[in-house]
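Peer 1: Got chain A; can you put chain B on it based on the hints?
Keeping their order, the protein sequence lines are chains A and B.
For the first sequence, the working numbering gives the first residue as 327, with consecutive numbering after it.
For the second sequence, the working numbering gives the first residue as 358, with consecutive numbering after it.
Quick caveat, the hints were computed from the structure, so don't treat them as lab data.
Note that CB positions come from ideal geometry on N, CA and C, so glycine has one too.
Heads up, some of the hints might be wrong.
Derived lysine to any residue pairs resembling SDA-like cross-links, with alpha carbons at most 20 Å apart [unchecked claim]:
{"id": "1", "chain 1": "B", "residue 1": "459", "chain 2": "A", "residue 2": "338"}
{"id": "2", "chain 1": "A", "residue 1": "396", "chain 2": "B", "residue 2": "457"}
{"id": "3", "chain 1": "B", "residue 1": "426", "chain 2": "A", "residue 2": "424"}
{"id": "4", "chain 1": "B", "residue 1": "459", "chain 2": "A", "residue 2": "378"}
{"id": "5", "chain 1": "B", "residue 1": "459", "chain 2": "A", "residue 2": "335"}
{"id": "6", "chain 1": "A", "residue 1": "335", "chain 2": "B", "residue 2": "457"}
{"id": "7", "chain 1": "B", "residue 1": "459", "chain 2": "B", "residue 2": "397"}
{"id": "8", "chain 1": "B", "residue 1": "418", "chain 2": "B", "residue 2": "370"}
If you want the footprint, here are the derived chain B segments under chain A, 3+ residues with CB under 8 Å [stated by the list, open to error]:
{"id": "9", "segment": "403-417"}
{"id": "10", "segment": "457-469"}
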Amino acid sequence: NAGVTQTPKFRVLKTGQSMTLLCAQDMNHEYMYWYRQDPGMGLRLIHYSVGEGTTAKGEVPDGYNVSRLKKQNFLLGLESAAPSQTSVYFCASSYGGTRETQYFGPGTRLLVL
Amino acid sequence: AQSVSQHNHHVILSEAASLELGCNYSYGGTVNLFWYVQYPGQHLQLLLKYFSGDPLVKGIKGFEAEFIKSKFSFNLRKPSVQWSDTAEYFCAVNAKPGNTGKLIFGQGTTLQVKP
Numbered sequence: 327n328a329g330v331t332q333t334p335k336f337r338v339l340k341t342g343q344s345m346t347l348l349c350a351q352d353m354n355h356e357y358m359y360w361y362r363q364d365p366g367m368g369l370r371l372i373h374y375s376v377g378e379g380t381t382a383k384g385e386v387p388d389g390y391n392v393s394r395l396k397k398q399n400f401l402l403g404l405e406s407a408a409p410s411q412t413s414v415y416f417c418a419s420s421y422g423g424t425r426e427t428q429y430f431g432p433g434t435r436l437l438v439l
Numbered sequence: 358a359q360s361v362s363q364h365n366h367h368v369i370l371s372e373a374a375s376l377e378l379g380c381n382y383s384y385g386g387t388v389n390l391f392w393y394v395q396y397p398g399q400h401l402q403l404l405l406k407y408f409s410g411d412p413l414v415k416g417i418k419g420f421e422a423e424f425i426k427s428k429f430s431f432n433l434r435k436p437s438v439q440w441s442d443t444a445e446y447f448c449a450v451n452a453k454p455g456n457t458g459k460l461i462f463g464q465g466t467t468l469q470v471k472p
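Here chain A stands alone, though its shape is the one from the complex (with noise of 0.2 Å):
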């Protein structure tokens, strides 16, 4: 039972690159959510879904999009990346929504030049 998986770990892009990070889960969880974490801001919600299939914005989904095409996993693109999208990018899944514990992914740490 692996959790909830990112891949990559870590990356580097160009401003106006574009990339996709995968999250994945093994528990079976309805919801899934993608966060960004920057320094003294704590975590803020980019996008999340409620199943499969959907998605919907959070706090700051200004340039991302996501897709769940499949229960276990959920993407988060990034169409052309800019430097502020610079940051430490957290997945998180739960089996529903208002009272559950999230389970968090290792983290991708990404840096945009």
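Peer 2: Coordinates of chain B only, in the frame set by chain A:
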């Protein structure tokens, strides 16, 4: 907009000292409250959570938190810290309505415990 504020950004304590980390939120309705912890090199994990009932909740590793509705606070406490408690601590709020599970996190508090 909902927000969560953690007053202490960096706390340094000696082993056996008592710990209290402050957390305040801004939302007048029903809330669910969480404390998460990130130990060095590890994933974020849940310390404890509060939904209703006894406002004093106990979590893992001897941590507890008290919900004071009138003060919009959910402070984390531990009577005697250990070196292994060195970590970053995040307070988070999930505000109703809706069942989306969306969390609003505080800025985080880095705790350094000196042996």
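Peer 1: With reference to the structure, classify each hint as holding or not holding.
Peer 2: Hints, one by one, checked against the model:
1. B:459 - A:338: With Cα atoms ~29 Å apart, residue 459 (chain B) and residue 338 (chain A) exceed 20 Å; violated.
2. A:396 - B:457: Judged against 20 Å, a Cα distance of about 19 Å means the pair holds.
3. B:426 - A:424: 19 Å, holds
4. B:459 - A:378: Roughly 17 Å separates the two Cα atoms, so the pair holds.
5. B:459 - A:335: Not satisfied, since the Cα-Cα distance of roughly 24 Å exceeds 20 Å.
6. A:335 - B:457: Violated, because 27 Å separates the two Cα atoms, which is more than 20 Å.
7. B:459 - B:397: 25 Å, violated
8. B:418 - B:370: 17 Å, holds
9. 403-417: That given contact holds, which follows from 3 residues of the segment 403-417 of chain B lying within Cβ reach (below 8 Å) of chain A.
10. 457-469: holds (count 9)
Against the hints set out earlier in the document, violations occur for numbers 1, 5, 6 and 7.
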